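There are 4 protein chains.
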Amino acid sequence: MHIGFIGLGKMGFNLVLNLLRHNHEVVGYDINETLVTDIKAEGAQGVNTLEALYNALPAPRILWLMIPAGPLVDKVIEQLLPFLQAGDIIIDGGNSHYQDSIRRYQQLKELGVGFIDCGTSGGTSGALEGACTMIGGDREVVEKVEPVFQQISVENGYLHTGPAGSGHFTKMVHNGVEYGMMQAIAEGFEVLEKSQFPIDHEAVAKVWNHGSVVRSWLMELTHSAFSKDPKLDSIRGVMHSSGEGKWTLETALDLGVPTPVIALSLLMRYRSLQEDTFSGKVVAALRNEFGGHAVEKSVDKE
Amino acid sequence: MHIGFIGLGKMGFNLVLNLLRHNHEVVGYDINETLVTDIKAEGAQGVNTLEALYNALPAPRILWLMIPAGPLVDKVIEQLLPFLQAGDIIIDGGNSHYQDSIRRYQQLKELGVGFIDCGTSGGTSGALEGACTMIGGDREVVEKVEPVFQQISVENGYLHTGPAGSGHFTKMVHNGVEYGMMQAIAEGFEVLEKSQFPIDHEAVAKVWNHGSVVRSWLMELTHSAFSKDPKLDSIRGVMHSSGEGKWTLETALDLGVPTPVIALSLLMRYRSLQEDTFSGKVVAALRNEFGGHAVEKSVDKE
Amino acid sequence: MHIGFIGLGKMGFNLVLNLLRHNHEVVGYDINETLVTDIKAEGAQGVNTLEALYNALPAPRILWLMIPAGPLVDKVIEQLLPFLQAGDIIIDGGNSHYQDSIRRYQQLKELGVGFIDCGTSGGTSGALEGACTMIGGDREVVEKVEPVFQQISVENGYLHTGPAGSGHFTKMVHNGVEYGMMQAIAEGFEVLEKSQFPIDHEAVAKVWNHGSVVRSWLMELTHSAFSKDPKLDSIRGVMHSSGEGKWTLETALDLGVPTPVIALSLLMRYRSLQEDTFSGKVVAALRNEFGGHAVEKSVDKE
Amino acid sequence: MHIGFIGLGKMGFNLVLNLLRHNHEVVGYDINETLVTDIKAEGAQGVNTLEALYNALPAPRILWLMIPAGPLVDKVIEQLLPFLQAGDIIIDGGNSHYQDSIRRYQQLKELGVGFIDCGTSGGTSGALEGACTMIGGDREVVEKVEPVFQQISVENGYLHTGPAGSGHFTKMVHNGVEYGMMQAIAEGFEVLEKSQFPIDHEAVAKVWNHGSVVRSWLMELTHSAFSKDPKLDSIRGVMHSSGEGKWTLETALDLGVPTPVIALSLLMRYRSLQEDTFSGKVVAALRNEFGGHAVEKSVDKE
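Chains as they are written, first to last, in our numbering: chain C, 2 to 303; chain H, 2 to 303; chain R, 2 to 303; chain Z, 2 to 303.
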C-alpha cells in the first residue's frame with residue numbers, strides 16, 4: 002500500500018521502518034529535512050512539502066500523521082485541505098485529545114475524507130518491532146487500512162475500539178493507567194531504598210519480573226534502568242508529562258469517576274517540577290504562627 | 002530432600018505438588034485432616050500432629066510453614082520448640098510481617114535453629130507451576146535449601162534478598178506495588194466504562210496486553226476476568242486486603258517516604274467495605290448548615 | 002441606591018432583605034412568581050419580566066444576578082441586551098466560572114456596560130446578616146457600587162480582588178479550600194466515631210471551637226449539626242457538589258499546582274455518590290484471579 | 002492549689018504564667034536552669050531536681066508534665082516513682098501517644114497514683130491566655146483538678162473526654178484535622194499565587210476571615226503571616242511534623258477509616274523534606290526507557 006507519512010520523529014521514523022519492512026511504499030515528510038534524508042536512506046521516498054507528499058501518492062491517499070498533539074495537527078490538516086479529495090484517509094497516530102479527534106473527524110467527513118484516530122503504544126521499540134494500536138473511526142474507513150495496522154502491530158496488538166475518538170480515548174486512559182503503574186512501582190522502590198536492608202534494586206526488579214504478580218513490561222524496563230545505574234544516581238527525579246494523564250483525570254472529573262491513584266500520580270509529577278512550594282511556605286508559616294516552630298530560611302534569601 | 006510442610010491451604014497445597022514434582026519427599030501437616038488425606042493422595046506422606054511431622058523427618062529437619070501470618074506462626078513455632086534441634090531450619094513462606102520474622106530469626110538463632118523468611122508471589126498458579134520467591138536469612142542457612150527454592154520458582158524467579166527479614170520485607174513492598182498497579186488498572190477501566198464509547202473491556206484488556214506499555218500479568222488476569230463476565234456484573238466491588246499494603250504504608254510512614262499511590266490504593270479498599278460513611282454524613286450536614294443544601298435521608302431511618 | 006435583583010432563591014432572597022435593611026430600593030425578579038410576591042411583602046418592588054425590571058430602574062441601572070451558574074447567566078444577559086445602555090452595570094453574584102465572567106465582561110464592555118463578578122460567601126445566614134464578597138472588575142465600575150458591597154458584607158468582609166474574573170476566581174479557590182477543610186474535619190470525626198472511646202461528638206466539636214487551633218466557623222456548624230443529631234443517624238453520607246471544587250482542581254492542573262487535598266476532597270464526594278464501583282469490581286476480580294480470594298456477589302444479582 | 006510543673010518550654014512556661022495569674026502556687030522544674038530562673042522571676046518557686054519539686058509540694062501532689070512525648074515521659078515518671086504516694090496525681094499535658102497514656106495510667110493506678118492525659122491545643126498564645134484542653138482519666142481524679150483546667154482554658158474550652166487515653170486521643174485527631182485544614186488552605190493560596198491574577202494574599206486572607214465559610218483561627222494566622230511577608234519569600238516550604246498526624250493516620254489504618262486528606266497532608270510534609278526523590282528517579286528512568294524522553298541529570302553529578 003502507498004502511505005504518506007507526516008512526522009519522522011522518534012516514533013514516526015520507527016513506524017516508517019516498520020511499514021517498509023512490511024513492503025509498503027512510504028513517502029515521508031518532516032519539517033526537519035535531515036530526517037527526510039535519513040528516511041530516504043532507509044528506502045522510503047522523501048519529500049520536503051506537504052504538497053509534494055500529496056502529489057506523490059496515488060488516489061485515494063492515505064496520510065499518516067505522527068506529530069505533536071494540539072494546534073499543529075489542525076495546521077497540517079488545514080495545509081492539506083486544498084488538495085484533499087473525497088475518499089482520502091487521514092490517520093492521526095499521535096496522542097491527540099479525543100475530543101479534537103471527534104471534531105476533526107466531523108470536519109473531514111463533510112468533505113468525504115476519512116479520519117482515523119490511532120492511539121499508538123509500546124514506545125519507540127514497539128513502533129519499530131510491533132506496536133499496540135487502538136483505532137477509532139468509521140468501520141468502512143478503518144477496514145480499508147486494517148491490514149496495515151495489523152502488520153505494524155504485534156499479534157493481537159490491534160483493536161478497532163469503536164467510533165471516531167475512541168482510539169485516542171482508549172490510548173488516553175491507557176496512559177492514565179501507565180502513570181499509576183509507574184508511580185506505584187516507583188514508590189515501592191523508594192521504600193526499598195530507604196529501608197534498613199541492603200537492597201539490590203536490579204536484582205529485585207529482575208526477580209519481580211519472573212513469576213511475581215507485578216511482572217510487567219514496566220518492571221522489565223525498571224530492571225533495565227537499574228542495570229545501567231544501580232541507584233539511578235545520575236538521574237534527577239523530575240517527572241515530566243505529555244498531557245494524557247491530565248486529560249484522563251479531567252475526563253474522570255467530567256464523568257464523576259473517583260480516580261485517586263491516577264490523580265496522585267499526576268500531582269506528584271507536578272510536585273517534582275517544583276524546587277520549593279508556595280503551599281509548603283504557608284504551612285511552615287502557620288506552624289510558626291501558632292506553635293513558634295522555627296521556619297527554615299528560603300535558600301534564595303540566604 | 003526431605004521437607005516437612007505445615008499448612009496445606011491454597012498456596013501450601015500447590016507448593017507441595019510443586020515440590021513433589023521435583024522429587025522431594027514431603028511430609029504434610031494441616032489442622033484440616035481432609036487436606037492431609039488429599040496431599041497423601043498426591044504422593045506426600047501425611048501426618049496429623051506436629052510431633053509426628055517432626056519425627057518423620059531425618060535430621061537436620063527442614064520445616065516449611067505456609068500458614069496465616071500473625072500469632073499462629075508464633076504458636077506453631079512454640080509447639081515445635083520441644084523438638085527442635087540445632088541445625089534444623091524453619092522456612093516461613095507466608096506473608097509474615099518482616100519485623101516478626103526478624104524477631105523469630107533471633108529467637109531461633111539462640112537455639113542454633115536456622116530461620117528463613119520466604120516471600121512467595123505468583124498466586125496459586127505460581128505456587129503450582131513456578132513461584133517467585135524472595136528469601137531472607139543467613140547465607141549459610143539459605144544455601145542449604147537454595148536448590149529447593151530455585152526448583153519451585155520460575156527461572157530467575159528466586160532471590161536471596163539479604164539478612165533475616167529482608168525476604169518478607171521485599172514481598173511486603175511487592176504487595177504494596179501490586180495494590181497500586183491494581184488500583185491504577187481498575188480506575189482506568191472505570192473511566193472507560195463511564196465514557197461515551199461502547200467499550201469492550203475484554204478486547205481492551207487483550208490489546209493492552211499485546212505490545213502496550215501497560216502489558217503485565219495483572220492485565221492478563223484482567224483480560225481473563227472480563228472474558229468470564231464482560232461487565233463484572235456478578236461481582237461486588239468490595240476490596241478486601243490481607244495486611245501487606247497496610248504494612249507497606251506504615252513502613253513508608255516510619256521511613257518518611259511519601260507513597261500517595263500506595264496509600265490511596267489501601268484507603269479506597271477500606272472505603273469499599275463501607276456502605277455509608279460517617280465522614281460523608283459530616284460533610285452533608287455541613288453543606289446543609291451553611292448553604293441549606295438538602296441532605297439525603299439515611300436509608301436505615303427511612 | 003436603586004438595584005434590580007434577578008434571582009430570589011435562598012441566597013438572593015436574603016441578600017435583598019440585607020439590601021432593604023440598608024435602605025436601598027430593590028426591584029426583585031424571579032421566574033418563580035411566589036418568590037416575587039414574597040419579596041414584595043418584605044418591602045421590595047416586585048416584577049414578573051426582565052423588561053419590567055429594567056424599566057422600573059433609573060439610569061444608569063444596576064442589575065444584580067443571583068442565579069445558577071452556567072448557560073442561564075448567558076441567557077439572562079441575552080434577554081437584557083435589547084434594553085441595556087452604556088453606563089449600566091451588571092453584577093453577577095453567583096458562582097460562575099471565572100473564565101465565563103471574563104468573557105461576559107468583555108462582551109458587555111463593548112457595549113459600554115459594566116460587569117462585576119462578585120463571589121459571595123457566608124452561606125444563607127451571611128447573605129442575610131453580612132456576607133463575604135470578593136469583587137472583580139474595572140476599578141471605576143466597582144467604585145460606583147462599592148458602598149453597597151460594603152454595607153451587605155460584614156466589616157472587613159469586602160475586597161476588590163482585581164480585574165474582571167478575579168472575584169469569581171478567588172471565590173472558586175475559597176470553595177476549594179472549603180472542600181478540603183470540610184473533608185479534614187469529617188475524617189477526624191470518623192476516626193473519633195470508630196475509636197474505642199465513647200466520644201461525644203457534640204462536646205468535642207464544642208471544645209474544639211473554644212481555644213483550639215482548628216476553631217472555625219465550619220467547626221461551629223459541626224457543633225450545631227451534632228447538637229441536632231448526635232450521631233448524624235438521620236443523614237446519608239452522600240456529598241453533592243456544585244462545581245467550584247472541580248473547577249479549582251481543573252485550574253490547579255492547568256497551572257501545574259499539586260493540590261492533593263483539594264483533589265481527594267472532590268474525589269471522595271464523587272465516591273460517595275456511588276453505591277458500588279466498577280474499579281472495586283476490577284480489583285475484586287483480580288484478587289480472585291491470582292489468589293483465589295472469594296469475591297462478594299453483586300447485590301443486584303442475588 | 003499547689004502545682005508542681007515539669008517542663009518550662011514554650012508551652013509549659015506560658016501555662017505556668019497562666020496558672021500564676023489564676024493564683025495557683027507553682028513549683029517549676031526544667032533541666033534547663035535558665036528557664037527555672039526565668040520562671041522564678043515571674044513569681045513561681047523554682048527547683049533544680051525532681052526530688053526538690055516533689056518535696057516542695059503538699060500531699061497529695063499534683064505533678065504537671067509538659068515535656069516532649071516519648072521515652073522522656075517514661076523516664077520522668079520513673080524518676081518520680083521513689084517519691085510517689087497514693088493520692089498523688091500526674092497530669093501529662095504534652096502530645097503523648099494515647100496508647101502510652103493508657104499504659105502509664107495503668108502502671109500508676111496500681112500504686113494508687115492518679116494519671117490524667119491532657120491534650121492541650123491553642124498554641125503558645127493559648128497556653129498563656131486560655132488554652133483548649135481535652136482531658137482523659139478517671140472521673141474522681143479529674144474532678145480534683147477540674148477547676149484548674151477550667152481556669153487555664155478559655156470559656157467552654159475544657160472537656161473531660163472520657164477514660165484514660167481519650168484526652169490524648171482526641172488531641173491527636175484534632176491535630177490530624179489541623180494538618181488537613183492547613184494543607185487545604187496552603188493549596189488554595191498556591192493556586193492563587195500561580196494564577197493570572199495579581200492576588201494580594203494578605204487582603205484575601207483578611208477578607209476570607211470576615212464572613213466567609215472558611216473563616217477560622219488558621220486563616221487569621223495566615224493573614225498574620227502574609228502581613229509580615231507578603232509572598233513568604235523568606236520562608237522555605239519545608240513542613241516538619243511532630244507525630245500526631247502520623248499517629249492519626251496509623252490509627253485510621255487500624256480502624257479501617259479512609260482518611261485520604263489527612264494521609265496526603267502528612268505525605269506532602271514528608272515530600273517537602275526531600276530535595277529529590279528516588280521515586281521520581283524511577284519514573285524519569287522509565288520514561289526514558291520506553292519513550293526515549295530525556296532525563297535531567299542529577300545535580301549532584303553535574
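Do not take every clue at face value.
No copy labels: a pair is met if it fits in one copy or bridges any two.
[Unchecked claim] Below are the DSS-like pairs computed for lysine-lysine, each with C-alpha atoms no more than 25 Å apart in a straight line:
#1 K232 <-> K298
#2 K298 <-> K229
#3 K229 <-> K145
#4 K41 <-> K232
#5 K145 <-> K207
#6 K11 <-> K298
#7 K110 <-> K232
#8 K110 <-> K145
#9 K207 <-> K41
#10 K41 <-> K110
#11 K207 <-> K195
#12 K298 <-> K41
#13 K195 <-> K11
To be clear, the hints were calculated from the coordinates, so they are not data collected in a lab.
These numbers come from a predicted model, not from an experiment.
Now the hints, each set against the structure:
1. K232 <-> K298: Intra 30 Å, inter 13 Å, cutoff 25 Å: inter-copy only.
2. K298 <-> K229: This pair counts as between: shortest inter-copy Cα distance 14 Å, intra-copy 38 Å.
3. K229 <-> K145: For K229 and K145, neither the intra-copy (44 Å) nor the inter-copy (32 Å) Cα distance is at most 25 Å.
4. K41 <-> K232: neither (41 Å within a copy, 48 Å between copies)
5. K145 <-> K207: between (42 Å within a copy, 23 Å between copies)
6. K11 <-> K298: Only across copies: K11 and K298 sit 21 Å apart there, 44 Å inside one copy, limit 25 Å.
7. K110 <-> K232: neither (52 Å within a copy, 33 Å between copies)
8. K110 <-> K145: Answer is within; shortest intra-copy Cα gap is 16 Å, inter-copy 53 Å.
9. K207 <-> K41: For K207 and K41, the Cα distance exceeds 25 Å both inside one copy (40 Å) and across copies (36 Å).
10. K41 <-> K110: For K41 and K110, neither the intra-copy (32 Å) nor the inter-copy (56 Å) Cα distance is at most 25 Å.
11. K207 <-> K195: Cα proximity of K207 and K195: one copy only (19 Å, versus 36 Å across).
12. K298 <-> K41: neither (58 Å within a copy, 34 Å between copies)
13. K195 <-> K11: neither (36 Å within a copy, 33 Å between copies)
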